[in-house]
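Enquirer: So the protein sequences, as listed, match chains R and A.
Take the first sequence: its letter number 10 is residue 10 in the working numbering, and every next letter is one higher.
To convert, count from 1 in the second sequence and add 333; that's the working numbering.
Just to be clear, a hint being listed does not mean it is correct.
To be verified - Keeping only pairs whose Cα atoms sit at most 30 Å apart, straight-line, the calculated DSSO-like set for lysine-lysine is:
{"hint": "1", "chain 1": "R", "residue 1": "LYS148", "chain 2": "R", "residue 2": "LYS46"}
{"hint": "2", "chain 1": "A", "residue 1": "LYS352", "chain 2": "R", "residue 2": "LYS312"}
{"hint": "3", "chain 1": "R", "residue 1": "LYS46", "chain 2": "A", "residue 2": "LYS352"}
If you are wondering where the hints come from, they were derived from the structure by calculation, not from laboratory data.
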Amino acid sequence: MTLLTGLRDWIAGFLGEFLATWLLGAALIMTFLAFNVLFLVLAERKLAGHFQRRVGPMEVGPHGSLQSIADMIKLLGKQILTPVATDRFVYLLAPLMVFLPTLCVASLIPLTGAEAFANQPYGLLVIIALSGVTVLSIFMAGWSSNNKYAVLGGMRSVSQVIAYEIPVLLAALSVVMIAQTTNLRQIVEAQANTHWYVLYQPIAALLFFIGITAETNRAPFDIPEAESELVGGFHTEYSGMRFAMFFFAEYTNMLVLGALGATLFLGGWLGPWLPGPVWLLLKTYAVIFVLIWVRWTFPRLRFDQLMSFAWKLLIPVALLNLVITAILVHGVG
Amino acid sequence: MGYLRRFATGAWSLVVGLKVTANHLFRRRVTLFYPHELPDASHWGGPIELVTFPATGTHDCIACNACVRVCPSDCFTVEGKRPEGAKKMRATKFLIDFSTCSLCGLCIDVCPTDTLQYSQRYDEAFYTRNETFNDLLAPFGEDPTFAGKPT
């Protein structure tokens with residue numbers, strides 16, 4: 001920490017206090033997210049292997065631990081192709097825009113109980129609003145690629161995210177009703193006084209989990225990039241580092257939404273012995289582990305099944321849960 | 334009621350699925366690390382080869398052409414001649430076109446001197462068509478029978 005403040009003061013000598021903090025914070029978060037993606041890609045492949053009694057990558061480094069670094073170097077070295085007749089400006093903008101929302105959201109999750117850290121009064125609303133923006137760049141990618149598979153993937157992504165944001169929002173709302181605040185820090189602090197909200201709101205927690213599975217485009221809800229139907233979906237025409245950007249965004253999104261789930265339902269940074277950020281990370285990776293587990297267990301849903309699951313089951317249940325929560329919160333006090 | 338029951342069975346099937354994959358997570362791997370670990374090929378019937386008899390240290394092919402006649406896909410080319418002073422013929426050329434061989438094993442059954450067998454080779458890969466011709470006499474080198482030293 002003293003090293004960080006020293007570094008900040010040194011940069012502040014050139015740019016001023018505000019810019020120095022801003023720059024250093026952004027650099028720190030970006031670095032962490034980049035390493036997190038490398039780790040998650042490896043974890044996904046190793047776990048996928050072990051769920052099928054295989055072993056996953058084994059050759060690069062001990063037990064394949066350097067595999068994703070090798071992959072990253074390969075992707076960096078690849079030629080970046082731009083197909084003819086694309087909507088060039090939008091095509092180039094989409095991969096740059098796709099991880100901006102997740103980056104913003106990542107900086108809004110409270111890591112510790114320290115005062116003034118991610119202390120946004122409307123933090124939850126900002127996060128939910130921003131995570132809906134990701135789908136815009138996915139659709140930009142699909143539309144501008146001049147490819148029928150990409151357009152289909154983009155359109156599917158839009159309709160899926162619109163459908164599944166509602167249960168996520170309603171599930172988060174029932175937590176807000178109990179905690180009486182949309183400030184994520186205060187939500188966690190409210191859980192310190194009682195229990196984790198997953199005990200009070202098991203249905204909301206389940207709905208939230210299903211919702212974030214769909215929002216991160218992961219199996220069984222990965223129809224926007226269904227390989228067997230759509231080649232690669234919205235990122236069919238992207239290669240090299242532009243493709244890696246989408247990959248980066250997808251895995252970062254997993255981390256961010258997992259962290260949001262841990263904050264809302266699993267008590268965020270709360271926990272004995274270990275420091276707060278470590279607890280938050282542990283809980284986040286637990287959520288991500290379940291995400292990976294689900295991905296390598298269930299087959300992909302058909303598009304109409306996906307839609308009717310959201311509109312006919314998840315949203316009514318979420319509404320019912322919200323009403324019951326409202327009555328209970330009002331009645332109990 | 335029917336809807337609820339369908340929902341319950343569906344949800345339960347998801348839990349069962351998760352249990353199955355979770356069990357697999359802790360079970361022993363089935364992967365063989367191929368170049369580092371070699372498979373057990375003792376029951377494997379690979380490309381046909383000539384038996385090396387321990388007593389003589391060589392094969393016992395008498396070029397009777399029984400395998401040539403029985404082979405359903407005509408993959409044998411066998412030639413032989415009689416060494417001076419010997420009673421039995423001796424093969425001088427024994428080729429199998431592995432690209433047409435179906436490993437049916439009829440030649441092994443029909444061989445009067447039991448000098449054909451399945452090998453335990455499993456990694457046959459070729460770059461040219463000529464390489465698919467297996468010269469079965471090649472591993473035995475120069476045949477001492479024809480070098481003026483009758484056995």
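Enquirer: Against this structure, judge whether each hint is valid.
Expert: Going through the hints against the structure:
1. LYS148/R to LYS46/R: violated, 33 Å
2. LYS352/A to LYS312/R: holds, 27 Å
3. LYS46/R to LYS352/A: Holds, because 18 Å separates the two Cα atoms, which is no more than 30 Å.
Consistency note: the structure conflicts with earlier hint 1 alone.
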